[in-house]
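Asker: The lines below spell out each chain.
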Amino acid sequence: MQGHLLSVILFTPLAGLFLLLFIPKSQKTFIRLWANITAAVGFLVSLPLIIGFDRSNGGYQFVERAEWIPSLGVQYLIGVDGISVLMVMLTTIMGFLAIFSSWDSIKDREKEYYSMFLLQQTGMLGVFISMDFLLFYVFWEMVLVPMYFIIGVWGGPRKLYAAIKFFLYTLTGGVLMLLGILLLYFNYASQFGRYTFEIAELMKINLPLATQQWVFWAFFVGFAIKVPMFPFHTWLPDAHTEAPTAGSVILAAVLLKMGTYGFIRFSLPLLPKASSDQTIVTIVAVLSIIGILYGALVSLMQQDWKKLVAYSSVSHLGFCTLGIFALNQSGIAGSVIQQINHGISTGMLFLVVGVIYERRHTREIKEYGGLAHIMPNYAIVFAIAMLSSAGLPLLNGFVGEFTILQGAFDANRIWAAFAVLGVIFGAAYLLWLYQRTMLGEVTNEKNKGLPDLKWREWAVFVPLIIWAISIGVYPKPYFDILEKPVAQIVHRVHDTANAAAVPATPTPEVASR
Amino acid sequence: MSVYYTSLDHFVLLPVLLLALFGCATLLFDFWVFPEAHQRKYLLIFLGLGEAFAGWAYWRQGAALAINGGEISAFHGAVVVDHFALFFHWIFLITTLVVGLISYRYLEVRDEHHGEYYGILMLAQCGMFFLASGNDLVTIFVGLETMAVSFYVLVGFLRAEQRSNEAALKYLLLGGLSSGFLAYGFSILYGIAGSTLLNDISKAVASRGHSDTILFLAIATTTVGLLFKIAAAPFHMWAPDVYEGAPTTITAFLAVGSKAASFALLMRVFASTLGSARSTWEPLLIAAAVLSMTIGNLAAITQTNTKRLLAYSSVNHAGYVLLGVIAGNNTGYKGVLIYLLVYTFMNLGAFLVLTSLTRKGLAGEDINDLRGLMKKSPGHALWMLIFLLSLAGIPPTAGFFGKYFIFLSLIETGHYVLAVLGCLYAAVAIYYYMRMVKAMFIETEEEETPALSTSFGTQVALVVTGVMTLVIGVYPEPFVRLAQQSFQR
Numbered sequence: 001m002q003g004h005l006l007s008v009i010l011f012t013p014l015a016g017l018f019l020l021l022f023i024p025k026s027q028k029t030f031i032r033l034w035a036n037i038t039a040a041v042g043f044l045v046s047l048p049l050i051i052g053f054d055r056s057n058g059g060y061q062f063v064e065r066a067e068w069i070p071s072l073g074v075q076y077l078i079g080v081d082g083i084s085v086l087m088v089m090l091t092t093i094m095g096f097l098a099i100f101s102s103w104d105s106i107k108d109r110e111k112e113y114y115s116m117f118l119l120q121q122t123g124m125l126g127v128f129i130s131m132d133f134l135l136f137y138v139f140w141e142m143v144l145v146p147m148y149f150i151i152g153v154w155g156g157p158r159k160l161y162a163a164i165k166f167f168l169y170t171l172t173g174g175v176l177m178l179l180g181i182l183l184l185y186f187n188y189a190s191q192f193g194r195y196t197f198e199i200a201e202l203m204k205i206n207l208p209l210a211t212q213q214w215v216f217w218a219f220f221v222g223f224a225i226k227v228p229m230f231p232f233h234t235w236l237p238d239a240h241t242e243a244p245t246a247g248s249v250i251l252a253a254v255l256l257k258m259g260t261y262g263f264i265r266f267s268l269p270l271l272p273k274a275s276s277d278q279t280i281v282t283i284v285a286v287l288s289i290i291g292i293l294y295g296a297l298v299s300l301m302q303q304d305w306k307k308l309v310a311y312s313s314v315s316h317l318g319f320c321t322l323g324i325f326a327l328n329q330s331g332i333a334g335s336v337i338q339q340i341n342h343g344i345s346t347g348m349l350f351l352v353v354g355v356i357y358e359r360r361h362t363r364e365i366k367e368y369g370g371l372a373h374i375m376p377n378y379a380i381v382f383a384i385a386m387l388s389s390a391g392l393p394l395l396n397g398f399v400g401e402f403t404i405l406q407g408a409f410d411a412n413r414i415w416a417a418f419a420v421l422g423v424i425f426g427a428a429y430l431l432w433l434y435q436r437t438m439l440g441e442v443t444n445e446k447n448k449g450l451p452d453l454k455w456r457e458w459a460v461f462v463p464l465i466i467w468a469i470s471i472g473v474y475p476k477p478y479f480d481i482l483e484k485p486v487a488q489i490v491h492r493v494h495d496t497a498n499a500a501a502v503p504a505t506p507t508p509e510v511a512s513r
Numbered sequence: 001m002s003v004y005y006t007s008l009d010h011f012v013l014l015p016v017l018l019l020a021l022f023g024c025a026t027l028l029f030d031f032w033v034f035p036e037a038h039q040r041k042y043l044l045i046f047l048g049l050g051e052a053f054a055g056w057a058y059w060r061q062g063a064a065l066a067i068n069g070g071e072i073s074a075f076h077g078a079v080v081v082d083h084f085a086l087f088f089h090w091i092f093l094i095t096t097l098v099v100g101l102i103s104y105r106y107l108e109v110r111d112e113h114h115g116e117y118y119g120i121l122m123l124a125q126c127g128m129f130f131l132a133s134g135n136d137l138v139t140i141f142v143g144l145e146t147m148a149v150s151f152y153v154l155v156g157f158l159r160a161e162q163r164s165n166e167a168a169l170k171y172l173l174l175g176g177l178s179s180g181f182l183a184y185g186f187s188i189l190y191g192i193a194g195s196t197l198l199n200d201i202s203k204a205v206a207s208r209g210h211s212d213t214i215l216f217l218a219i220a221t222t223t224v225g226l227l228f229k230i231a232a233a234p235f236h237m238w239a240p241d242v243y244e245g246a247p248t249t250i251t252a253f254l255a256v257g258s259k260a261a262s263f264a265l266l267m268r269v270f271a272s273t274l275g276s277a278r279s280t281w282e283p284l285l286i287a288a289a290v291l292s293m294t295i296g297n298l299a300a301i302t303q304t305n306t307k308r309l310l311a312y313s314s315v316n317h318a319g320y321v322l323l324g325v326i327a328g329n330n331t332g333y334k335g336v337l338i339y340l341l342v343y344t345f346m347n348l349g350a351f352l353v354l355t356s357l358t359r360k361g362l363a364g365e366d367i368n369d370l371r372g373l374m375k376k377s378p379g380h381a382l383w384m385l386i387f388l389l390s391l392a393g394i395p396p397t398a399g400f401f402g403k404y405f406i407f408l409s410l411i412e413t414g415h416y417v418l419a420v421l422g423c424l425y426a427a428v429a430i431y432y433y434m435r436m437v438k439a440m441f442i443e444t445e446e447e448e449t450p451a452l453s454t455s456f457g458t459q460v461a462l463v464v465t466g467v468m469t470l471v472i473g474v475y476p477e478p479f480v481r482l483a484q485q486s487f488q489r
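Protein sequence lines, in the order shown, are assigned to chains B and D. Mapping of the first sequence onto the working numbering: residues 1 to 513, in sequence order. Mapping of the second sequence onto the working numbering: residues 1 to 489, in sequence order.
Wrong hints could be hidden among the right ones.
Stretches of chain D that chain B covers, calculated by requiring three or more beta carbons in the stretch to come under 8 Å of a beta carbon on chain B [said to hold, decoys possible]: (1) 420 to 431; (2) 476 to 485.
Here are the simulated DSS-like cross-link-like pairs (lysine-lysine), alpha carbons at most 27 Å apart as the crow flies [as the list claims (entries may be wrong)]: (3) B/LYS28 with D/LYS438; (4) D/LYS438 with B/LYS111; (5) D/LYS375 with B/LYS111; (6) B/LYS25 with D/LYS375; (7) B/LYS28 with D/LYS375; (8) B/LYS448 with B/LYS366; (9) D/LYS375 with B/LYS107.
Residues of chain B clear of chain D, computed beta-carbon distances all greater than 12 Å [as the list claims (entries may be wrong)]: (10) LYS28; (11) ASN36; (12) SER56; (13) PRO269; (14) LEU297; (15) ASP304; (16) GLU367; (17) ASN377; (18) ILE384; (19) PHE409; (20) GLU441; (21) PRO451; (22) TRP458; (23) TRP467; (24) ARG492; (25) THR496.
Hints are computed from structural coordinates only; laboratory data are not their basis. Just so you know, even glycine gets a beta-carbon here, dropped at the ideal spot from N, CA and C.
Using the sequences plus the hints, can you model the full thing?
Answerer: In structure tokens, the structure reads:
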């Protein structure tokens, strides 16, 4: 018990929001400044978390426990393990960068804009650190409202459609997930005679396979819509395309990860039998592979720069879910790392689109061409973002994709074969995009004289580039921190699944790097 | 049986006597002391005093119950006060107070500020008292009619307005019809048991077989009558028209008070009296619940009048509460109580904001009248956002816990299909609530309109309902305990 560090991290944005409400609307610069300060403080207070985190310990750390609704068995129970600590860091960093990048681009209703971002920040952090299922659910739903407003108020031309579609899709998934949660809760109560939402306790239930499958599908709808997996992905291109740049960044970098995190944290350990059930695994893996290939192929065909990046998310998240349902050490660890990578590289790609959109107010790819001559620095940043997303060795994307493929290969060679195709397509659409927009002659007169990156834009890109390269060159810390918690999940899935048969000893293959 | 009165009878009846007294006093003082229109808001003092005394009486009853437990029964068992009834009495008290607080400004704006309004509000509350506390068919029926007649008057209170008159007439005719059904059902129940006391009926029903035609007839007609009163489909037809035509304040009173009172009666009749005939009435209620959620949700999507929209949404909510009765276990009944409590605050709040939109020469009832509210009056817009999210059941607002118990009870009793249906409809509902949110926050006003009509009373009521909606959502523990205690008999 190391004090109340997690609570401080969780409530810093909310406290900042509260104070923000007292700043008059007309003080625009002060509002911006205050939001940035809050987000920066939010990041700084999360630093002691990663520094003080004990990597040799696979369990939860920084645990805080308090009664919330005793008569329902709901607790304010938060803590982090190796997986969630990475997600928390991703959230605080990307949250700060997203808020920072909005300085020039949002010139309307700033107070409400930053309030929504800060509220969302607390919601997302809560999702990643909750160890109580109802608490988790509250944060999960809390995130919807700010994102609805971010898309709906500050979005593009079809913002209303995109915003309500986002809300309806994710809420539908959410309420079905709630039913799954309640089913678990009820079963626990009938087996143990008391009510609790504590996840560690819920793991003790002995559920028959059929019930596990029902709960699994209830969770699946909730998480798969959030990820989003094929065929639940249709809200994503709309939401991404219409959202303001910072909204897209947060949506891609953090919000989607709530879905994959849900699979790792809840589906696998709580429902080990269902999660290792051959039919279910096959269905999920096939959907992931369809997502990978479909996302990539659709990206190839896009005329809209931002939509292309949005569809590439579908493809990348397909890798993440495939890795999870490979159900082995490298698959899951790779998936978590890939989630962070996707946050960095897709976040960068959205920022890249945002930079040019602010200058030209169009996202049509054919409006551009030869931008490298006009904005050389911008071209370099884009190149790095693009290569990191495509999975070039020595950049972050490679590490994640490679490890996932390794895991998929161990689980089923055919999956890996198809997934590799996705990597190739991924390189194809990204390189082609780069070629069409950056290389060659300047095809459009309007693009002449566009200013190159401003210092504020540099300030957003540089940390991301450094982060991308650091993961690419030296990913060991990430694997170290993930090793124990992922091994536990893998053990749990395989042990419980084989409990009836000969207790097979799972071989936790540590990614050797 | 010798007829005599005991001090216990007075103790039980005291709150309703006080309410009736102050209600009648309002009618008198209206002429004597406050003849001018602008003075009439002082009649609120009578309402306040009446409610304060009634509250004091309830509080004493609660204290007596806490010591002795069980129930206090009076008039040979025709009227009982138990925790369950008290729970509802407090809901009625809060509702009447809030409606009173938000009314005076609204009535001034509509030029229909008359003193009898407050008196009739309290008389309606007297009727509600007997719906929650009545334990005898005749008592219940008289209570029901007292409430209904008060509402017929209140709904038509905007005398100069055609819609209001039409609504009153519609409500009178359909309400009369439903009362007829109910009376018919009651008469058969009396025929079965040979007594009008619910306790005797309960015993008589339990001794009869399951496939009993007479019993089915009694239950079917009673169900029809009750479904009318709670505005559940397929007997909801009156609700949109009446909600739209009535003064907005009365719409709120109708949507919250009348519905809660009818649910109190429904719980008493179905859950305890007819509990043994569950297999007979459960299919009826399931059909009504599913239809209510379907019709309520689908019809609400296309509405452009906010009052009509909330009317259909209230049909939908009736469906959810019925689901709790259908589940019929401890969690389910607890869920019904929590749901109704939560519904009181969030729905009163939502109507309250609509009331403020009514200004001189502007009905403010179209969904487009909400446009740009965030810019015009951020306070109203933000509170309204909370009420709407709560109506939609998004945590951390109170509405979530209402739905939580309903869903949990359905799962506990194995009604999985109903649970999934309820969940999916919760997602549908978000669409029309978000239409209002969209108008308030995203769209902008097309032409300049006058400032919102608020008063000290509406502001107090707004803060109270809003804070309660948030508090129950964030810290529901005491309310869960309260509901738990109210249900245990």
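Asker: Confirm or reject each hint.
Answerer: Status of the hints after comparison with the structure:
1. 420 to 431: With 7 residues close enough to chain B, the hint holds.
2. 476 to 485: Since 5 is at least three, the answer is holds.
3. B/LYS28 with D/LYS438: 24 Å, holds
4. D/LYS438 with B/LYS111: 18 Å, holds
5. D/LYS375 with B/LYS111: 12 Å, holds
6. B/LYS25 with D/LYS375: 11 Å, holds
7. B/LYS28 with D/LYS375: 16 Å, holds
8. B/LYS448 with B/LYS366: 15 Å, holds
9. D/LYS375 with B/LYS107: Between D/LYS375 and B/LYS107 the Cα gap is close to 16 Å, so the pair holds against 27 Å.
10. LYS28: 16 Å, holds
11. ASN36: 23 Å, holds
12. SER56: It holds; B/SER56 is separated from chain D by about 36 Å at its closest Cβ, greater than 12 Å.
13. PRO269: Since the minimum Cβ distance to chain D is about 21 Å, B/PRO269 lies beyond 12 Å and the statement holds.
14. LEU297: 30 Å, holds
15. ASP304: B/ASP304 clear of chain D: closest Cβ-Cβ about 23 Å, beyond 12 Å.
16. GLU367: 28 Å, holds
17. ASN377: 36 Å, holds
18. ILE384: Non-interface label on B/ILE384 holds, nearest chain D Cβ at 36 Å vs cutoff 12 Å.
19. PHE409: 38 Å, holds
20. GLU441: About 42 Å separates B/GLU441 from the closest Cβ of chain D, which puts it past 12 Å; holds.
21. PRO451: 32 Å, holds
22. TRP458: 33 Å, holds
23. TRP467: Holds: least Cβ distance 33 Å, greater than 12 Å.
24. ARG492: 25 Å, holds
25. THR496: Nearest chain D Cβ is 23 Å from B/THR496, so the label holds.
Going down the numbered hints, you'll see the structure goes against none, and every one checks out.
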